[in-house]
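Colleague: Okay, here's what each chain looks like letter by letter:
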Amino acid sequence: AQTVTQSQPEMSVQEAETVTLSCTYDTSENNYYLFWYKQPPSRQMILVIRQEAYKQQNATENRFSVNFQKAAKSFSLKISDSQLGDTAMYFCAFMKQYTNAGKSTFGDGTTLTVKP
Amino acid sequence: DTEVTQTPKHLVMGMTNKKSLKCEQHMGHRAMYWYKQKAKKPPELMFVYSYEKLSINESVPSRFSPECPNSSLLNLHLHALQPEDSALYLCASNPATGGSGEKLFFGSGTQLSVL
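Taken in sequence, the protein lines are chains U and H.
For the first sequence, my numbering assigns the number 1 to the initial residue and increments by one for each residue that follows.
For the second sequence, my numbering assigns the number 1001 to the initial residue and increments by one for each residue that follows.
Incorrect hints may appear among the rest.
Claimed, not checked - Where chain H lies over chain U, by a calculated footprint (3+ residues, C-beta under 8 angstroms):
| hint | region |
| --- | --- |
| 1 | 29-42 |
| 2 | 45-59 |
| 3 | 71-85 |
| 4 | 104-114 |
As the list claims (entries may be wrong) - Estimated spans, in silico, between C-beta atoms of each pair:
| hint | chain 1 | residue 1 | chain 2 | residue 2 | range |
| --- | --- | --- | --- | --- | --- |
| 5 | U | K78 | H | H1010 | 34 to 40 angstroms |
| 6 | H | H1010 | U | E52 | 36 to 42 angstroms |
| 7 | H | S1055 | U | Q14 | 26 to 32 angstroms |
| 8 | U | K115 | H | E1058 | 34 to 40 angstroms |
| 9 | U | A16 | H | K1041 | 39 to 45 angstroms |
| 10 | H | E1084 | U | S42 | 40 to 46 angstroms |
| 11 | H | A1080 | U | Q56 | 19 to 25 angstroms |
| 12 | H | T1016 | U | Q97 | 27 to 33 angstroms |
| 13 | U | Q56 | H | S1020 | 32 to 38 angstroms |
FYI, nobody ran anything at the bench for these hints, they're computed from the structure.
Just so it is clear, CB atoms sit at the ideal spot from N, CA and C, and this is done for glycine as well.
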């Protein structure tokens, strides 16, 4: 079974600054996918970024980037130039290859507050 | 249309009531999901429908009854719920084209309170 650990229940950052959210996971699988989902107060979870385990290059999406360390089983999310709209709960998720996406394993989440 | 729409947004019901939650998507996705989420916790998978057939039931009590009338619509029928069933109920979908690593598209959820 897979486990996903987010060790920071809450974090805060000043607007325009950079913040990094940590995520570690445990698996015996070699092929898998990792995701960061954002859930703002509006409650709708939205995919922030996705990483394929077989790719060494770290994924980036505008102000969001990851530091994927496969050997260390670490998948951190960096948010640059933080904006007030980034205030949300962030979930790290793991999905084995060739499994149903709904069976993804989620971490417990990190609540991020961006302060003006 | 890239949305998953859930109705109602809020629902209050007594333990003897029968109610239904509705989820709709028009993205042509063939997999649809129900999740239960408690405050400040990750979502917990309840049911998976793949091509309108129930493929996964995560040992959910029978007071929750899912239904998938067509490829765009997913219902969750509720009956004789308990106060501990109060939670945010999220619907999600994805293409289920056989590719792997597909992201989930979530609705905004129904906040359910059982009195």
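Colleague: If any of the earlier hints don't hold here, list their numbers in rising order.
Modeller: 3, 7, 9, 10, 11, 12 and 13
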